[in-house]
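Participant: For reference, the chains in residue letters:
2 protein chains.
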Amino acid sequence: MNGANALDRVRIVLSHTSHPGNIGAAARAMKTMGLARLYLVAPAAFPDPVADARASGADDVLAAAQVVGSLEEALAGTVLSGAVTARRRERSVPVRSAREAAAELTGFAAHGDVALVFGRETSGLTNEEVALCSMPVTIPANPEFSSLNLGAAVQLLCYEMRMAALSPGVPASPDGEPASFDEIEGFHHHLEAAMTASGFYDPANPKRLLQRVRRLFGRIRLEKEEVNILRGIIAALERKPD
Amino acid sequence: MNGANALDRVRIVLSHTSHPGNIGAAARAMKTMGLARLYLVAPAAFPDPVADARASGADDVLAAAQVVGSLEEALAGTVLSGAVTARRRERSVPVRSAREAAAELTGFAAHGDVALVFGRETSGLTNEEVALCSMPVTIPANPEFSSLNLGAAVQLLCYEMRMAALSPGVPASPDGEPASFDEIEGFHHHLEAAMTASGFYDPANPKRLLQRVRRLFGRIRLEKEEVNILRGIIAALERKPD
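So the sequences go chain by chain: A and B. Under this note's numbering, read the first sequence as residues 84 to 325, first letter to last. Under this note's numbering, read the second sequence as residues 84 to 325, first letter to last.
Just so you know, these hints were derived from the structure itself, not from any lab. For clarity, every value in this text was computed on a predicted model and none was experimentally measured. Check each hint, because a few of them may be wrong.
[Unchecked claim] What follows is a set of in silico ranges between Cβ atoms, one per label pair, in the way DEER data are often shown: (1) A:Gly160 - B:Ser206: 58 to 64 Å; (2) B:Val178 - A:Ala146: 30 to 36 Å; (3) B:Val178 - A:His273: 50 to 56 Å.
Positions of the beta carbon are idealized from the N, C-alpha and C atoms, including for glycine.
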């Protein structure tokens with residue numbers, strides 16, 4: 084696939100945006116870099132004339148925007164996703180720089196849709212949202228003043244996506260066919276159910292164990308076949324005679 | 084010099100900005116990338132509470148901003164400058180991409196101040212302003228929609244400057260000592276005066292010849308000594324017996 088086609092497979096996901104002006108600015112930033120697929124998770128106000136005004140000509144991006152109720156919906160069908168975050172996380176998944184993430188996402192775009200996810204203006208993404216994505220992505224910024232405006236952050240990442248997609252050296256695409264977001268989530272839900280039924284996991288005392296499991300599998304890029312194998316193992320264990 | 088010091092030598096010059104909000108957005112964008120030196124050429128409104136509001140914490144950059152009356156003043160003492168422009172120019176000086184320009188500017192910062200110049204929100208830089216700079220710089224954008232917001236353009240260029248300055252491979256600094264903006268302008272004024280006095284150039288039928296001369300010398304990075312040699316030649320020719 085050529086670079087321009089890779090850009091067609093990039094979803095820009097804005098989660099819980101407060102100010103419609105920032106949605107308009109993001110649409111404009113996307114269009115300047117040749118991206119068109121905007122997903123809005125539970126925006127505070129959309130459509131909105133303020134968004135239209137700030138889009139300044141990127142009305143087509145706004146008109147085609149998908150408004151969804153959850154990040155899971157926005158990521159459905161993707162094969163790789165980056166959570167754009169300024170804060171340092173405790174997760175052991177290595178953080179990618181904007182440039183590194185753009186190269187990796189462009190490579191995976193040969194297999195399907197990829198996504199970049201941006202959080203609330205004030206507080207960014209929640210830990211739960213970051214955990215749903217394949218990798219945290221950070222913009223190398225001044226450590227003493229790293230608060231980029233939402234539109235500016237979208238602009239920078241879209242620029243790096245364009246630079247990666249149109250660079251002469253085509254980014255390497257992964258060897259095996261990557262598992263999709265849905266397949267990986269299906270695996271996690273299956274595993275959680277099995278852990279719960281077995282008594283290993285207690286939903287009344289939750290969260291920490293599931294987070295650690297997600298960290299563990301978040302470090303690898305699961306392929307379709309590997310997810311099938313893992314789920315096969317779980318299913319076999321579930322069937323074991325008691 | 085290390086990378087952080089190089090960033091201290093970068094002037095961000097905004098020429099004839101109409102909206103103070105964009106000045107604030109530029110200040111914020113600069114500070115997120117560790118840049119601090121803002122020059123404003125004849126801004127429509129500054130200082131202004133709208134600029135303060137959009138700066139969101141980059142008040143120090145605004146407070147230290149230099150307001151000047153002309154681009155010449157903003158470029159005085161610089162050793163290399165880039166004119167950020169979306170339009171294709173007829174000039175034969177090769178256009179640099181944002182990334183290429185950042186590498187070159189970072190290299191020259193070892194010798195003195197460097198500058199990135201941004202034009203009016205609606206019409207960009209004039210041809211005269213571009214001609215005063217060492218090179219045109221363009222952000223690789225969607226050819227069908229290349230109108231970046233001013234703050235977004237400043238954000239991208241400051242990001243590339245930070246990436247270039249802090250990258251492990253230190254950019255090459257030029258061999259000879261580069262001539263400053265003032266020295267090169269002094270040469271052009273000297274040459275123009277000599278051409279006029281000799282009758283070769285007619286100020287009543289102006290512009291085109293001077294532009295071509297600037298194009299010619301704009302393609303090379305004149306060193307201090309080379310400017311001295313050229314001016315010596317002109318002076319010698321001026322003194323020739325008639």
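Participant: Determine for every hint whether it applies to the structure shown.
Facilitator: Evaluated hints:
For the hinted restraint 58 to 64 Å between Gly160 of chain A and Ser206 of chain B, the CB-CB distance of approximately 43 Å leaves it violated. Separated by about 33 Å at the C-beta atoms, Val178 of chain B and Ala146 of chain A satisfy the suggested range of 30 to 36 Å. The hinted range of 50 to 56 Å is satisfied by Val178 of chain B and His273 of chain A, whose Cβ atoms lie roughly 54 Å apart.
Against the hints set out earlier in the document, a violation occurs for number 1 only.
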